[in-house]
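Colleague: Spelled out from the first residue to the last, the chains are:
2 protein chains.
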Amino acid sequence: MASAGDTGTMAMNPDLAKERRNARFHVEDLTNFIYHGPERVKRKRYIQNIALQEPVVKNSKPSAFRTREEEYELSLTKQLHVLRRQKELGITDEVDKFYYNEATSPNENNPLGLHFGMFIPTIEKHGTEEQKKKFLQPAKDLKIWGTYVQTELGHGTFIRGLETTATFDPKTQEFVMNTPTLSSTKYWPGNLGKTVNYCIIMAQLYTQGKCHGIHMFLCPLRDLSTHQSLPGVELGDIGPKFGYSGNDNGYLRLNNFRIPYDHMLMRYSKVLKDGTYLKPENTKLSYGSMVMIRAGIVGSVSRALAQACVIAIRYSAVRRQTEVSPGGPEAQIIDYQTQQYKLFPLLATAYAFYFAGQAVQSSFLRISKEIEAGNLQQMPVLHALSAGLKAFSSWGCSAGVEVCRMSCGGHGYSLASGLPKIYTNIVPACTYEGENSVMMLQTARYLFKCALRVQKGEKLPDLVSYLSMDLSKKSCMTSDVALGCLVEAYQHRAARLTKVATAAVQRYMNDGKSPTAAFNMASTQMTWAAKAHCHQYVVKVFVNTVTEAKIQDNTKAALTTLCKLYAVNGIMENLGEFLQDQFFNSDQVNILTSKLMTLLSDVRPDAVALVDAFDYHDSVLESCLGRYDGNVYYALYQYAKSSPLNEKDVLDSFHKYIKPMRDEQASSPLSAKL
Amino acid sequence: MASAGDTGTMAMNPDLAKERRNARFHVEDLTNFIYHGPERVKRKRYIQNIALQEPVVKNSKPSAFRTREEEYELSLTKQLHVLRRQKELGITDEVDKFYYNEATSPNENNPLGLHFGMFIPTIEKHGTEEQKKKFLQPAKDLKIWGTYVQTELGHGTFIRGLETTATFDPKTQEFVMNTPTLSSTKYWPGNLGKTVNYCIIMAQLYTQGKCHGIHMFLCPLRDLSTHQSLPGVELGDIGPKFGYSGNDNGYLRLNNFRIPYDHMLMRYSKVLKDGTYLKPENTKLSYGSMVMIRAGIVGSVSRALAQACVIAIRYSAVRRQTEVSPGGPEAQIIDYQTQQYKLFPLLATAYAFYFAGQAVQSSFLRISKEIEAGNLQQMPVLHALSAGLKAFSSWGCSAGVEVCRMSCGGHGYSLASGLPKIYTNIVPACTYEGENSVMMLQTARYLFKCALRVQKGEKLPDLVSYLSMDLSKKSCMTSDVALGCLVEAYQHRAARLTKVATAAVQRYMNDGKSPTAAFNMASTQMTWAAKAHCHQYVVKVFVNTVTEAKIQDNTKAALTTLCKLYAVNGIMENLGEFLQDQFFNSDQVNILTSKLMTLLSDVRPDAVALVDAFDYHDSVLESCLGRYDGNVYYALYQYAKSSPLNEKDVLDSFHKYIKPMRDEQASSPLSAKL
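Going line by line, the protein sequences match chains D and Z. So the number in our numbering is just where the residue sits in the first sequence, counting from 1, plus 488. So the number in our numbering is just where the residue sits in the second sequence, counting from 1, plus 488.
Since the hints were derived computationally from the structure, they do not count as laboratory data. Hints are not guaranteed to be accurate.
The list treats identical chains as interchangeable, and a pair is accepted whether it falls inside one copy or across any two copies.
EDC-like mimics (lysine to aspartate or glutamate), calculated; alpha carbons at most 20 Å apart, straight line [said to hold, decoys possible]:
1. K962 x D1069
2. K628 x E1152
3. K857 x D950
4. K830 x E1061
5. K987 x D1075
6. K830 x E923
7. K585 x D629
8. K1144 x D711
9. K1144 x E558
10. K613 x E860
11. K830 x E582
12. K947 x D762
13. K546 x E662
Bear in mind that the values here come from a model prediction, so they are computed numbers and not experimental data.
Start from the sequences and build out the full structure, keeping to the hints where you can.
Modeller: Following this line, the structure appears as structure tokens:
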């Protein structure tokens, strides 16, 4: 796929050039705001320019044409090279590393990601001092290369159900590891199949004949020098997936495989040499990292949607279809309202989730300090929010990427568009780190508890205090469509849905159902409430961000338009939930309907600038349609010509299959004349 | 991937066995209804059993493990074999062929599809008698093998914009073919890249210095014996796509390529030997085949969604997660209401669109007879309906397949689930045969014309006569949730949205906008109306089908529940559109909300039987999760073990990359002890 570098000499598509001239704000001002200041933007570009010059990046085969084996090898080569180069260049800052990686492996698997992101941190957090001393340095040197092994064929999000066992044998001072059933086969861990030689494994601990629940163990898998799988260890790749082709997600079966005493991570729980089990003091400590990981997902899915919007909106400015008046020029498809209605709310969504992800992270950092000071009160509300928001954003962004793809017509279906890669790389976020429906139910359960407290007149934490608002009040919405009235509307909706769903649970319980059964019978309604809660948070954060942003007036105007579009479109898409109690009257609905259309026209002149502001390099987008210079047909033609199937004009299959078949057919007397 | 045959000796998963015992109707009764009687079901099974025994089908590598080249070769081999076998077996009926093909190439490209489905029929329809005599027999013998070449890099649904030219040269009695610009490069036609040696090409006809618009030409592309591309013809594969990997969708550039006089299809338009152009008499004749093709798409997307539902619902009955009470067994995930809410409305949608597709086809066959008798009146209403319905159903079914996939958790992401293949094979239906948004706008334009006629008090054709209903009437909905009240609600919504959107267009025109601009400014609202129109049609057909079905009472009860679920869920998902004019009061909304939950429980005991009734063979589903016998973990484990990456325990890349990298690292003094 052509990168910006390849086409530096081509003129910019005139429609795109015009869009850029006509934008009503300075792109750079918004870029600086998104990335927290001009210094950081400069640094990001500096880092990415270095990364893009790496020969292993610059000269590699386009991702669309790689086989799975090539994809795997390349991801490995690139990451080992990156590791070396980052050392040489002294790149140690996590943000720098992120941008370096984004440029070298856009929307691709990083075979060292779980090693540095989960394996090492887990040892650091759950290992004893001796274990850290013994294992961390070899891990950092890649002498041992690990992953995190939790899910099994039959068990995912419900961790207590895992079946793998670790039975302590005091005679030999070893743990005997087993996957005793077919369904206990470990399945899915990244890089497990072929790459790693070690892992952290989650297993049911048995000692002195008793099960003590899930614990973590360090488990060798392959010989450290030959890389051969160890006796008692059966493992391999799980085969191709929808995307993630460079990742050797693996399966693992253990058959009476013995690991030494010091391979159980014992900072909290302990097994004494005689087999006595000692409980940990505090079990809630891992809450925090889950919040951070989920907030990180909100950010990364927003970035995926942003990339898809860059591609679809630039292409919509270049693409022309259907003459406006007979014989006249064909219109840019971005001028069709139906196209705007598809794309602009998604552009607003990308911004909205980007800001929401950042807001959760800052809340977390603030609350973390309280926790260090021993105050755990704010953690549950943030935990519930981050669970729901992870689900809400990953569903919304994944579906949004597909809408962007389809908005590019047939060309969106070609891998040349870059959009299928973005989609298949981001859609697993709906499942990993907590399956979305389960996440939403966690948020729902927290809201249920809050609603019970509201019934008792208790005070709620800030993030949910709106739940006790007066629900008889009608909307303050006027033709101004004020930001405050929008936030209020979302809070009203979430508070009302929470109240109604909670009442449904209580009604079922009063009818004699068990709490579990009653909650299940109202779980769809509870989920509606949880989504509404997340939605109001995103709207509120967007409004606050825009209001407080220190940016030029024109930039603020463009961002405010997007913010209103996000909020108004969300109301129209969920209108029934705002109308059931006549919170809006019909005049207000008419105002909002007509405002939605006005907002689409308001975004129109700034649309290209609003995607340019994300500052994605062509090499990150890897898209013939989303090129900065808009030479899309040139790029598609080049892409086609380089298809591996075109290496020969006549394929061997012609001689092998078609020709013999044809000779077999009765020869036609007319065919000679053709 | 294991087929039913491989596992004939395995016991059925006990949960699935229990589901089947507890179903409240006879599966066979519903299967017979779906496929129009026991004789046809028997015939379908007979045909498919033969097909599945073909060695080329039985012994081929699982689709998930094939490279693109293998996929292409296999599709070719299979289809050439199928062609031969169908002749030997005397399979000539189109329905028989369809089922034979479904078994041999499930959700796969058929490299003869466009040849037999477009190339030959176009010659038959648009060729003169001499042309038919000359070209049809060689085409049937595969001496010439063709495709249909229309779309260009820069032009899709808007056919008048095509740029390829055919200029008549009376001196040599030839047409000179050119793709004069980059954007006129033909792009996307199936099997064009490597397979065919001929095509029907759409080009602007020039003669005597004048352009006469788009016409069809027969165009040779490759030498009939050597298969080499002809001088003046540049063509090839367009590279990998999101799916369709077996298809060599191609590009084509023509440079002063000359074709003989008799290669323009001249049944209607004619160019005389001296270059004089003669216009066709009637230009509306191709309407009919578009209606049939689009009705066919409604059917095929419904079948794709049905397959996805089979997989997801069987898996949801087998999969267990989270203990219901502490220490108790984990629940079947199909017992969670949130899972039911994801899947059961989609199951209802699959049935709904299946019936709708059949209804459009029968309407078409009825109306075709009127047309033959010279009465074209009913064609526009059916044409508008089929366009919108193609869009409405392909959007709904594609999105639904992804919901089914994600409802299977992580395993849905593995190609082993079979779901990604179904998705990537069906989602192009949103784009091909008329891009969905353009299709919806066609329906919208028709509704706009109807609304103007309503304003004038004119009578409308049956399919849209509801548009003149009295909109001041409120809903008749009571706690019975009668089918009639559901249909009335959908008609009210569509009629109201059409009226409101039409008024918006008229308002803009009164404000001085051109008709085109005014329509564009209200096109989002017009699209809402068009969707509502399609939705009411689908609900009405489902209600009629259930009401008139000659099936056992229990079967009718199960199908009626699904029908109500489809209608009630659709109201809840679009509630705002039913509430804006207080058509429903709040008691009625409460009734519908609670009915939705009751309907989910009502479907629950029959869910597995309702998917079994589609009668898909395991080999058609190609899914480890959707197996009839429910041995999903066994199948996933087998799938993983057969992953090509597992051919060696230690990959070469270990020696090539990992080992050298490690040797480079500072050796750790502790590592020897590990």
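Colleague: Now tell me, hint by hint, if it's right for this structure.
Modeller: Evaluated hints:
no., hint, in the structure
1, K962 x D1069, "both (9 Å within a copy, 17 Å between copies)"
2, K628 x E1152, "between (65 Å within a copy, 13 Å between copies)"
3, K857 x D950, "within (17 Å within a copy, 69 Å between copies)"
4, K830 x E1061, "both (12 Å within a copy, 18 Å between copies)"
5, K987 x D1075, "between (26 Å within a copy, 17 Å between copies)"
6, K830 x E923, "between (27 Å within a copy, 14 Å between copies)"
7, K585 x D629, "within (18 Å within a copy, 61 Å between copies)"
8, K1144 x D711, "between (45 Å within a copy, 17 Å between copies)"
9, K1144 x E558, "between (27 Å within a copy, 13 Å between copies)"
10, K613 x E860, "within (15 Å within a copy, 79 Å between copies)"
11, K830 x E582, "neither (35 Å within a copy, 39 Å between copies)"
12, K947 x D762, "neither (50 Å within a copy, 92 Å between copies)"
13, K546 x E662, "neither (49 Å within a copy, 48 Å between copies)"
Of the hints listed earlier, those the structure fails to meet are numbers 11, 12 and 13, in rising order.
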